[in-house]
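Make a model of the complete structure from these sequences and hints.
2 protein chains.
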Amino acid sequence: MKTRDRILHVSLLLFNDEGEAQQTAVDISNALGISPGNLYYHFKGKDAIIRALFDAFEEEMRVILRGSRGQVTSIEDNWVYLYIILEEIYDFRFFYRNLGVLLDRYPDLASRFRSLVAEQRTTIHNVLADLGKADVLTIDPRLSEALTDQIMMSLTFWLEADAMNRSNLEGAALIHKTVFQVMCLIVPYMGENGFDALSRMISHYEANRT
Amino acid sequence: MKTRDRILHVSLLLFNDEGEAQQTAVDISNALGISPGNLYYHFKGKDAIIRALFDAFEEEMRVILRGSRGQVTSIEDNWVYLYIILEEIYDFRFFYRNLGVLLDRYPDLASRFRSLVAEQRTTIHNVLADLGKADVLTIDPRLSEALTDQIMMSLTFWLEADAMNRSNLEGAALIHKTVFQVMCLIVPYMGENGFDALSRMISHYEANRT
DNA sequence: GTCTATAAATAGATAGAC
DNA sequence: GTCTATCTATTTATAGAC
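Residue numbers (the UniProt record's numbering), protein chains in the order written: chain W, 1 to 210; chain V, 1 to 210.
Think of the hints as simulated: they come from the structure by calculation, not from any bench.
Check each hint, because a few of them may be wrong.
Covered stretches of chain V (chain W as the covering partner; in silico rule of three or more C-beta atoms under 8 Å from a C-beta of chain W) [unchecked claim]: (1) 17–25; (2) 100–106; (3) 142–150; (4) 158–172; (5) 183–195.
Ideal Cβ positions, reconstructed from N, Cα and C, are used throughout, including at glycine.
Take a look at the structure:
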């Protein structure tokens, strides 16, 4: 593994586990067992590392979003698809733990992040519309935008909300809980079968918890 | 106005308008037209100012939360009550714009903030239960917790979500939109009258927008 | 590519005169 | 209570040897 890749790899681990704000360039080089000078040879600074990590995240997420087209045709599909999105976010969770700071400090990243979020929103909106056309969901058009916004809020702030709650859930359990939370937003639009599907989801949720 | 109060007043303005992270002790003293030394005479540093501002916010919010007991008995009451909560949050919006950083940097504030959020959640839960008992809402008990969490998420992250959207709404319009957003979460549980109430809300929303 | 050493920049904090 | 001057600490960034 080349030093450049090791830097990216270890930085991501440090940022995710200890928080991005807490890590200085020197901390990262220490964790790698290299000198600060060497780190600066490969990256102009922490900024450049973060930008490179965002490149990777952005590309992976766009692939996931584009992969949804016409592929989500049932509630179960939707469940699985939420899982995929949340796991990708979890891999780069440091971006989401302090969104505000990040957007303030890196204006160029901010606009790329906003564009990515916009594509996420469009994707969610299309998935809901597809499920509507397939009669899986019946969503009052007047509530459709608010529902999309609310799902986006869950997908964007679940990690911050968890930090607020001090839930101490580890990754998989937190992802599971969040999928469940989003599904609960949709249940009221599932009609007669909503409660059955909900029950199945709850037993599935309970079975996989702890 | 005493210097100590002027410091708190101007700091709140600066933090809300320019962001807390961006302001140093020297920036604050410059804005006040006093010396850094004088600022340090009144407050040990930016930390102490933030703590004092949180004292004020916490006290006001607890009064609001306790004032809800038995007072929210209709959808209209609920609408107004959301307004009151959101306006209080808006007055101290810098706390909510970078929640993560704040909780990381001030562990003592973090636990007080969590306790306040917990009381908020209990309040929301009780209000929903009251509306349920009054037959204004019919909430499936299996969805009740998820709904409460979702409302809490809106109340806690509406400002960050808006920053993400670059909506450029000014305060009153943003508060209005957020109240509407939360009400949309409740509409599915309003039964037959839900759509009527929704229509009224929408026209009210549209009328007050822009 | 990698190191050591050190400079430069920023933010936090205090001493002592008035 | 308020000021000027200064000091410390932290973090970022570079120069030059190997």
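Hints versus structure:
{"no.": "1", "hint": "17–25", "result": "holds (count 3)"}
{"no.": "2", "hint": "100–106", "result": "holds (count 4)"}
{"no.": "3", "hint": "142–150", "result": "holds (count 6)"}
{"no.": "4", "hint": "158–172", "result": "holds (count 6)"}
{"no.": "5", "hint": "183–195", "result": "holds (count 6)"}
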